[in-house]
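Q: Next come the chains, spelled out residue by residue.
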Amino acid sequence: MTLPPTETWLPVAWYAVIAFGVMMYVLLDGFVLGLGILAPFAEDEDQLDHMMNTAAPIWDGNETWLVLGGAGLLAAFPKVYALVLSALYLPVLLMLIALVFRGVAFEFRFKAKTLRRAWGIAFWLGSVFAAFAQGVILGAIVEGMPLQEGKYVGGAFGWFSPFSMLTGLSVMSGYALLGATWLILKTDGGTQRVARTLARPLTLNVFGFIGLVSAWLPFLDSRIMARWFEGGRFLWLFPVPLLVLAVTWALWRAVPRGDREARPFVLSLCLFLLGFVGLLLGMWPNIVPPSMTIWDAAAPPETQGFALAGLVVLLPAILGYTWWSYSVFKGKVAADAGYH
Amino acid sequence: MSLDPLLLSRIQFGFVISFHILFPAFTIGLASWLAFLEWRWLRTRDALWRDLYVFWMKIFAVSFGMGVVSGIVMSFQFGTNWSVLSEKAGNVIGPLLSYEVLTAFFMEATFLGVMLFGMKRVSEKLHFFATCMVALGTLISTFWITSANSWMQTPAGYEIVDGVFRASDWWAVIFNPSFPYRLTHMVLAAFLTTCFVIGGVSATYLLRGRHIEAATRMLKLSVAFGAVVVPLQIFAGDLHGLNTLEHQPMKIAAMEGHWRDGAPGEGVPLVAFAIPNQAAERNDYAIEIPRVASLILTHSLDGTIPPLTSVPADQRPPVAPVFFAFRIMVGIGMAMLVLVLLSAWMWKRGRLFDATRARWVLRGWRAMTLSGFVAILAGWYVTEIGRQPYTVYGLLRTADSNSAVSGAAVAFSLAVFAVVYVCVFGAGIWYLLKLVRKGPQAHETPPDTDDGEKTPARPLSLPDETLDAPVASNSHAATTAGGAT
Chain Z
1 MTLPPTETWL PVAWYAVIAF GVMMYVLLDG FVLGLGILAP FAEDEDQLDH
51 MMNTAAPIWD GNETWLVLGG AGLLAAFPKV YALVLSALYL PVLLMLIALV
101 FRGVAFEFRF KAKTLRRAWG IAFWLGSVFA AFAQGVILGA IVEGMPLQEG
151 KYVGGAFGWF SPFSMLTGLS VMSGYALLGA TWLILKTDGG TQRVARTLAR
201 PLTLNVFGFI GLVSAWLPFL DSRIMARWFE GGRFLWLFPV PLLVLAVTWA
251 LWRAVPRGDR EARPFVLSLC LFLLGFVGLL LGMWPNIVPP SMTIWDAAAP
301 PETQGFALAG LVVLLPAILG YTWWSYSVFK GKVAADAGYH
Chain S
341 MSLDPLLLSR IQFGFVISFH ILFPAFTIGL ASWLAFLEWR WLRTRDALWR
391 DLYVFWMKIF AVSFGMGVVS GIVMSFQFGT NWSVLSEKAG NVIGPLLSYE
441 VLTAFFMEAT FLGVMLFGMK RVSEKLHFFA TCMVALGTLI STFWITSANS
491 WMQTPAGYEI VDGVFRASDW WAVIFNPSFP YRLTHMVLAA FLTTCFVIGG
541 VSATYLLRGR HIEAATRMLK LSVAFGAVVV PLQIFAGDLH GLNTLEHQPM
591 KIAAMEGHWR DGAPGEGVPL VAFAIPNQAA ERNDYAIEIP RVASLILTHS
641 LDGTIPPLTS VPADQRPPVA PVFFAFRIMV GIGMAMLVLV LLSAWMWKRG
691 RLFDATRARW VLRGWRAMTL SGFVAILAGW YVTEIGRQPY TVYGLLRTAD
741 SNSAVSGAAV AFSLAVFAVV YVCVFGAGIW YLLKLVRKGP QAHETPPDTD
791 DGEKTPARPL SLPDETLDAP VASNSHAATT AGGAT
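Protein sequences appear in the order of chains Z and S. In terms of our numbering, the first sequence opens at residue 1 and continues consecutively. In terms of our numbering, the second sequence opens at residue 341 and continues consecutively.
Each hint should be verified, as a subset may be incorrect.
[Unchecked claim] Subject to a maximum C-alpha distance of 35 Å in a straight line, what follows is the list of computed DSBU-like cross-link-like pairs (lysine-lysine):
no. : chain 1 : residue 1 : chain 2 : residue 2
1   : S       : Lys778    : Z       : Lys113
2   : S       : Lys774    : Z       : Lys113
3   : Z       : Lys113    : S       : Lys460
[As the list claims (entries may be wrong)] Here are some of the chain S residues that sit facing chain Z, going by a computed Cβ distance under 7 Å:
no. : residue
4   : Val409
5   : Leu437
6   : Thr644
7   : Ile645
8   : Val760
9   : Val762
Worth flagging that the hints you see were computed from the coordinates, not collected in a lab. Glycine is no exception: its CB is placed at the ideal position from the N, C-alpha and C atoms.
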């Protein structure tokens, strides 16, 4: 067996790395953004403390995945980096500013006395805007980016469409579901009761959004889902929607159960994972629909190879440590724990 | 009024990076300072070293956290506003930037955690090792980011294929001609910035009669360090200038306000003050000292350097900002030199640490507390504005580098940045000042993760001091200032 040439497999390797980074970011930061979105449902400041304390030990490093994704994209797929970030200028910058705002508000709320409420509101607003902007970015990419001679021709508000607004709301409600099920896992008492009350409506919500987005996909110009029905593909792709149905059903049943508190959170993560996998399968081998493939967009092998060398050395260590820090901090957070 | 997206993008980039650079520049010096403090503590077992370590570690943690937060924006700015630059030069600078992120990420994930929260959990030697690795990590980050910047100033090891840069020799890319000079100048600047913060804080304590023992010790170290490193930095800056003259002569001409050749044999005067007039290609209200610029730049009395008018007007940088920023940087450098030499002399006479006899020198230190930050910003403005009108020097013009976004969109994002940054970093800087005002505390318990509420991934969680309530009582002042009262 002969190995494929480097210019064939390096872009695939980098695509896998960046998809993995984005997935890590979405799974790890998604539930913390969800906590922020759910902040107004906290019955008082103490309950918000309790909610935020569940995420306190682990959340900040999550943003580093995003920074790594940005730098990795510049090194491995400079064309995508240049095209997507400039074409989606406003939603990208809105997301970044909201993340900065939320990050600092999270820390300073714990340190503030008189301005505690104000920092709490900042935390909520930052989370809402960041989540919505991420959904809009996703929607705009899925919808496809019209190019002429390699340049984007959609204009400053090319990302603004009914579809991208729908995906914005979908991602928000998805994160809120992650946040609620995370709270079922990590808290007890009043906070857990609030989370349980929210989790079932949120499940329905998310299922409805998945249905709407899926129904819309075949009608988009990018024809992202058309390939689902080409040739024999459907045979090995159709388990994805079936699994979504099964997971949603299991989630609906798991929420009220007192004996399996981790299950709703794990099932919500599965929903995200399925959505992500379905999307990548629909887009492959395009990195920016409707026509830019990963090989069109890839940096030359000497660049991808050099950057990958550092990644191969350092990434396992980073992953190992992330895993370790999660295992150290597992377990319930009591209502009175937290910053002093 | 029409909104120029190019100009607004430049302002936005300058604004965002100016805020960002303050924090890493400070933490580069602080990390090495912490390694020094811990080394002294382990060697002497004098508890004051440990108290100082815990005090400065809190300041380090908050600064590092602010640096991480403001850095999120940095890794996306090239794509949002400078997409053509990213597309054309991403093949070369992309890997350098990802190495920087990987280093920072790796350090954050491992040694920073042990350093910030592990004092009670690991052996003293392992903890000291972690501190040293954090110090090394900040320097490695500086290495990569400075390399990427230097490549854009003095590109090497590349070829251009279909209008896109490709790396042909990574060694030549990384160690491009201006890199060793820029790296040295930047690292020394970061060290001096931290040195003057430490000295300034100490002088403030002495003037207020607080933390006398700690302040005396820190001021001694600042004076000693400054007396060696300020002259070194002036020397390194001179070498960096000569390197710039070789590779970017128009930057030097703008720094010197040198518009055209004088008569043969007359040399180049040093323009002490002037208001450069770009349109008329001359200096207004100039005060010149004959031949001094020749002496500095060519080490001869009648040497010449290429004047601004030797290239067409559209290849010249904007002269006034480069000219003034350079004078601010050099002025601060000279003020630092005078202050450390004067302090060293007073120290020798045994008068430096007495708030009544050395009042003016201590006030000088207090006034110079933040001078390093101003000098770093001024220096960056010299090198970045002086590189104009190019992003990749001589090869890619700034006007051809920016994204096709509308001026209104950039104006909007710039306004939001301004509001959010003032709130966010205003609060951060306020919090740092509050930690400084409280000062070192005797026998403070070293920080711990408190059963997982705090974490290395969140350096900002380290200090427990409140953000907006009054400063708590001051135990160290009571013990150390006891002798003075």
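Q: Which of the numbered hints are not met once you compare them with the structure shown?
A: Result: hints 6, 7 and 9 break, sorted rising.
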